[in-house]
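K.L.:
For reference, the chains in residue letters:
2 protein chains.
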Amino acid sequence: MTLFTGLSAFPITPADASGHVDIAALTRLLERIRHAGADSIGLLGSTGGYAFLSRDERRRAVQAATASVGGKIPVIVGVGALRTDEAQALARDANAAGADGLLLAPMSYTPLLEEEVYQHFAAVAEAGDLPLCIYNNPGTTKFTFSHALIARLARVANIAAVKMPLPQGSDFKGEIALLRTETPKGFSIGYSGDWGAAAGLLAGSDAWYSVVAGLLPAEALALTRAAQAGDTAEAERLDQKFQPLWSLFKEFGSFRVMYAIAEALDLCRIDPPRPILPLPAQERPRVRSALDHILA
Amino acid sequence: MTLFTGLSAFPITPADASGHVDIAALTRLLERIRHAGADSIGLLGSTGGYAFLSRDERRRAVQAATASVGGKIPVIVGVGALRTDEAQALARDANAAGADGLLLAPMSYTPLLEEEVYQHFAAVAEAGDLPLCIYNNPGTTKFTFSHALIARLARVANIAAVKMPLPQGSDFKGEIALLRTETPKGFSIGYSGDWGAAAGLLAGSDAWYSVVAGLLPAEALALTRAAQAGDTAEAERLDQKFQPLWSLFKEFGSFRVMYAIAEALDLCRIDPPRPILPLPAQERPRVRSALDHILA
Chain V
605 MTLFTGLSAF PITPADASGH VDIAALTRLL ERIRHAGADS IGLLGSTGGY AFLSRDERRR
665 AVQAATASVG GKIPVIVGVG ALRTDEAQAL ARDANAAGAD GLLLAPMSYT PLLEEEVYQH
725 FAAVAEAGDL PLCIYNNPGT TKFTFSHALI ARLARVANIA AVKMPLPQGS DFKGEIALLR
785 TETPKGFSIG YSGDWGAAAG LLAGSDAWYS VVAGLLPAEA LALTRAAQAG DTAEAERLDQ
845 KFQPLWSLFK EFGSFRVMYA IAEALDLCRI DPPRPILPLP AQERPRVRSA LDHILA
Chain F
605 MTLFTGLSAF PITPADASGH VDIAALTRLL ERIRHAGADS IGLLGSTGGY AFLSRDERRR
665 AVQAATASVG GKIPVIVGVG ALRTDEAQAL ARDANAAGAD GLLLAPMSYT PLLEEEVYQH
725 FAAVAEAGDL PLCIYNNPGT TKFTFSHALI ARLARVANIA AVKMPLPQGS DFKGEIALLR
785 TETPKGFSIG YSGDWGAAAG LLAGSDAWYS VVAGLLPAEA LALTRAAQAG DTAEAERLDQ
845 KFQPLWSLFK EFGSFRVMYA IAEALDLCRI DPPRPILPLP AQERPRVRSA LDHILA
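Chains as they are written, first to last, in our numbering: chain V, 605 to 900; chain F, 605 to 900.
Honestly, I wouldn't trust all of these hints.
Put simply, identical chains are the same to the list, so a pair is met inside one copy or across any two.
[Stated by the list, open to error] The calculated DSBU-like cross-link candidates involving lysine-lysine, where the alpha carbons are at most 35 Å apart (straight line), are:
| # | residue 1 | residue 2 |
| --- | --- | --- |
| 1 | K777 | K789 |
| 2 | K854 | K746 |
| 3 | K746 | K777 |
Hints are computed from structural coordinates only; laboratory data are not their basis.
For clarity, every value in this text was computed on a predicted model and none was experimentally measured.
From just these sequences and the hints, can you work out the full model?
P.N.:
Quick look at the structure:
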């Protein structure tokens, strides 16, 4: 089992209104993921709100993770930033704090060119000196990786994996086959977009980078294991239980819904970072009902 | 003449590789704009690379601007940030440093909902307590303002202007007429996108938020005054001189080209913030030639 394989669970990062991380609440979420037996933790991913946290707070979060679950479950840390030197510093911080791997999205303000993303990734991968996963998330970064760029980056030292968005027309098999021919042997290909991830695993992807697993790790793991075993019927049965939640994710964005799930499960009662608003109160019963559907 | 009227010139913010602002070089650019007689300075706009600078460096830049040209030309300061509390702090900093107005773009990572942008703007406008211009720049923020949202924001205290991207099909007249009916009397409607701004002024817009004026203020001002006077022939003649530069802006993005212009004009020799790369060396002769076409 390599670092970027199986179920990677992405928790929210509980923080107060000024962006100060609540270490006790974060540790509770991490222990829960470890206890469920997920394959890795995706700390400070998009779901972890890394873009809204300062370098100091991100360092505190990584230190808290390695102090609590380090050595028991691999911790992969998001180190994206708008500036290359800042992303490099975050990567060094994560390494120094004992992270096992890195996750890097090409955050942008001025839209980035392909060569700029290449050089940015090469610089951060070198500075971090840990296995790094390319975070291909056009929905937040507005940058779409070409296959040619992924292939080029896959040959850079330390770059070991890619986290893909769901493919056009759900053609996982075609996309995975193509990426396998374009990247070196052992390069990991995984998917995010929770509602398509089981299909990705059934089609032979290496990993599911899962939002929901950050708060419902046991249920997401059952789905992962069924799909990894090629048990299509069981995977589809379990995926059906998540359907009402996937609908909420699509309608409101998973980031907002995750805070409502954390509250409904009594894990923590914290608002997302402003300007992101909490889910409207009138939608909370739908969250409760979606959770009941999963936990039934 | 109100604050958000006429030619607003957006300089780059010269800084070293670690994001430390070169105050002497910045001051030279600001004095040049003031000397040319532009109507305002758009400090720390997208062209000013605000997204790549820390709060401390942004404060230093505003203090340098008010110390050098304060009281001689209005200084409008970009205060965008991913977090609402950070944008509020930047707005307070700008006010305390003597800025005349604010410019706010809805920077985003998690894509923002309309209500989130509304509350974000209302909070920053209140904190800044200065006339504020809505920075509608989908190319960098990935958020597009609906007319309904602009109309709603135009009724918030301190929100006095909007900086629009070029309209679909170049229908300035139609868009301006519509926005005039939807916003209170005196609300300023201006455009960015240098290659269409003269047409916008000819169609009755209040302001041109100009990238090129940050480094070529006299030439941009001549074009502005011709268009404001309704002299279509002269405006078109002057606009033609900018055509090779507009082509470079469209091809490489104005942000990258501006650094090459600054070097070609011997104003400062500084690279854009990484990950943004300088214009390739082989394109520099085109910049020189485009400048010759303007300055001839």
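K.L.:
Could you run down the list of hints and mark each one as holding or not?
P.N.:
Results of checking the hints against the structure:
1. K777 to K789: Within. Shortest intra-copy distance 17 Å satisfies the 35 Å Cα cut-off; inter-copy 58 Å does not.
2. K854 to K746: Cα proximity of K854 and K746: in one copy and across copies (18 Å, 18 Å).
3. K746 to K777: both (25 Å within a copy, 31 Å between copies)
Hint compliance for this structure: every hint is met.
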